[in-house]
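**Student:** The lines below spell out each chain.
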Amino acid sequence: MAVQDVKIVLTDVQAARKNWSLTAQGTLYEGTHLISGAVGSGKSTLALMLAGLFPPVSGQIKREDVSTLMVSFQYPEYHITGTTLEEECSSWGLDPFSVLTAANLTGKKTENPIKLSRGELKMLLLACVLAGNYDLLILDEPFSSLDCYGKERICKRLSERSRGITVIFTHEQTIFPRIDRIWEIRNGELCDRGGLPEALRHWYYAPKVIKNLISAGKIPKNITPGDLLEAACRT
Amino acid sequence: MIRFDNLRYRSLAIDALSIGKGITSVIGRNGSGKTTLLKLCAGITLPESGTIIIDGNPPRKDEIGWVNEFPDRNILFATVHEEIASSLRFRHIPGDEIEEHVMSCMNSMEISHLGKRSMRELSGGEKVLVALAAALVHQPRLLVLDEYDSHLDTDLTEKIEGILRQSLVTYIIRCTQDMETAARGDNVICLINGKIGCAGSPEIVFSSLVDTPFYPLAWRCRT
Numbered sequence: 001m002a003v004q005d006v007k008i009v010l011t012d013v014q015a016a017r018k019n020w021s022l023t024a025q026g027t028l029y030e031g032t033h034l035i036s037g038a039v040g041s042g043k044s045t046l047a048l049m050l051a052g053l054f055p056p057v058s059g060q061i062k063r064e065d066v067s068t069l070m071v072s073f074q075y076p077e078y079h080i081t082g083t084t085l086e087e088e089c090s091s092w093g094l095d096p097f098s099v100l101t102a103a104n105l106t107g108k109k110t111e112n113p114i115k116l117s118r119g120e121l122k123m124l125l126l127a128c129v130l131a132g133n134y135d136l137l138i139l140d141e142p143f144s145s146l147d148c149y150g151k152e153r154i155c156k157r158l159s160e161r162s163r164g165i166t167v168i169f170t171h172e173q174t175i176f177p178r179i180d181r182i183w184e185i186r187n188g189e190l191c192d193r194g195g196l197p198e199a200l201r202h203w204y205y206a207p208k209v210i211k212n213l214i215s216a217g218k219i220p221k222n223i224t225p226g227d228l229l230e231a232a233c234r235t
Numbered sequence: 236m237i238r239f240d241n242l243r244y245r246s247l248a249i250d251a252l253s254i255g256k257g258i259t260s261v262i263g264r265n266g267s268g269k270t271t272l273l274k275l276c277a278g279i280t281l282p283e284s285g286t287i288i289i290d291g292n293p294p295r296k297d298e299i300g301w302v303n304e305f306p307d308r309n310i311l312f313a314t315v316h317e318e319i320a321s322s323l324r325f326r327h328i329p330g331d332e333i334e335e336h337v338m339s340c341m342n343s344m345e346i347s348h349l350g351k352r353s354m355r356e357l358s359g360g361e362k363v364l365v366a367l368a369a370a371l372v373h374q375p376r377l378l379v380l381d382e383y384d385s386h387l388d389t390d391l392t393e394k395i396e397g398i399l400r401q402s403l404v405t406y407i408i409r410c411t412q413d414m415e416t417a418a419r420g421d422n423v424i425c426l427i428n429g430k431i432g433c434a435g436s437p438e439i440v441f442s443s444l445v446d447t448p449f450y451p452l453a454w455r456c457r458t
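From first to last, the protein sequence lines are chains A and B. Under our numbering, the first residue of the first sequence is numbered 1, with each subsequent residue one higher. Under our numbering, the first residue of the second sequence is numbered 236, with each subsequent residue one higher.
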């Protein structure tokens, strides 16, 4: 991946609510970052802060050379403005046919997005989001509600992103795109676990299948299903 | 036994199916009819034709618990205790009995510390636990869980798995997009475009899906 100056620098960032706080420090460079953490640890809040949609209580988040930015919210309903799928695609400035083909929804262009199943709606939103080429792309739980084919399709699309920063906040356990760096929120702090594969040894919230491979001494090169399978088959 | 006979609702069509006791996982592609099937099982919607019979009764004549993907949508009351007690209060059960059931349910789920908390202050995972407690407190014969795990972390998913296994509920039907969770069920139903693609034990159903991404990755990666 070409080295560019695009980066997000977090300096002494603090966020707090009643009974909850989060501190964050570090730099996210170009590439794909995965951020995990327990429910309620502050992943969605951090996603909003990285996007500049929620101010930290103290500290600074600097987005350097980021001129285009997109956030995909956890709940796809928040994005919907059109009353038909066709209208929704057009509202993003996109060609409905190509988006609906990417979302596997070609037969439903005149339907109301709200009438779609939750997974179909998520797929529609992600197809719209991923049609753009943003310097910073933040995805909050992109895989929730998607079926396994949908997850694979999104991972493939994410792996095709050739530039910019992608930050994925997820609880997903099995189907991931290729990841460059892993972070996690533990005890109210954003922790940088490093690049792969070394990060896998220190990843507290690692999915069980990855933990099992590591305890068997089979360290995957990355965490795509293909990488995990290759590690499992290693003798 | 839960029996489906000539069931029709929109694009869902099940000619004949029986589900045994235990946990049944419903899987399938987005839009394949999973939530529709679960709502019919719970009696939230009625079939256009055909029947669902749970040990001799249709869903609306039986005790059903329901937890959906977004527990916020089902919350009626201000505090955790009131929310869990609500289904018993609607049945006009004496107050001391309600208290006993609520405390016993919260204790067994290890959420007694949440009792006085405001529902609005809970984290997403805590809301799922409370919704599950509210669904279990009246000891339903059938518990229906619609993608309850799609926003949960591994620890919570495993905690809930333990709660479900220890519960005395006769039938649990859940849909999930996590195939490792689905594979832990006693039975699996795979829906394809509103019809039963395959049903049976996890081994039988997933053996028919070995060439698809639905096959559990943990099974492929057995070390």
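Worth flagging that the hints you see were computed from the coordinates, not collected in a lab. Some clues are possibly wrong.
[Claimed, not checked] Pairs of lysine to any residue, SDA-like flavour, derived with a Cα cap of 25 Å:
#1 A:208 - B:352
#2 A:208 - B:418
#3 A:115 - B:353
#4 B:296 - B:314
#5 A:18 - B:352
#6 B:394 - A:202
**Student:** Would you mind marking each hint as holding or not holding in the structure?
**Tutor:** Results of checking the hints against the structure:
Under the criterion of a C-alpha separation no larger than 25 Å, the hint pairing residue 208 of chain A with residue 352 of chain B is inconsistent with the structure, at around 32 Å. Between residue 208 of chain A and residue 418 of chain B, the direct Cα distance comes to roughly 14 Å. Compliance with the 25 Å bound is thereby established for this hinted pair. In summary, the hint linking residue 115 of chain A to residue 353 of chain B is not supported, as the alpha carbons are separated by about 32 Å, beyond the 25 Å threshold. Our distance criterion of 25 Å between C-alpha atoms is broken by residue 296 of chain B and residue 314 of chain B, whose separation comes to about 29 Å.
At roughly 13 Å between alpha-carbon atoms, residue 18 of chain A and residue 352 of chain B fall within 25 Å of each other, so this suggested pair holds. With a C-alpha separation of about 23 Å, the suggested pairing of residue 394 of chain B with residue 202 of chain A holds against the 25 Å cut-off.
Violated hints, in rising order: 1, 3 and 4; the structure is consistent with all others.
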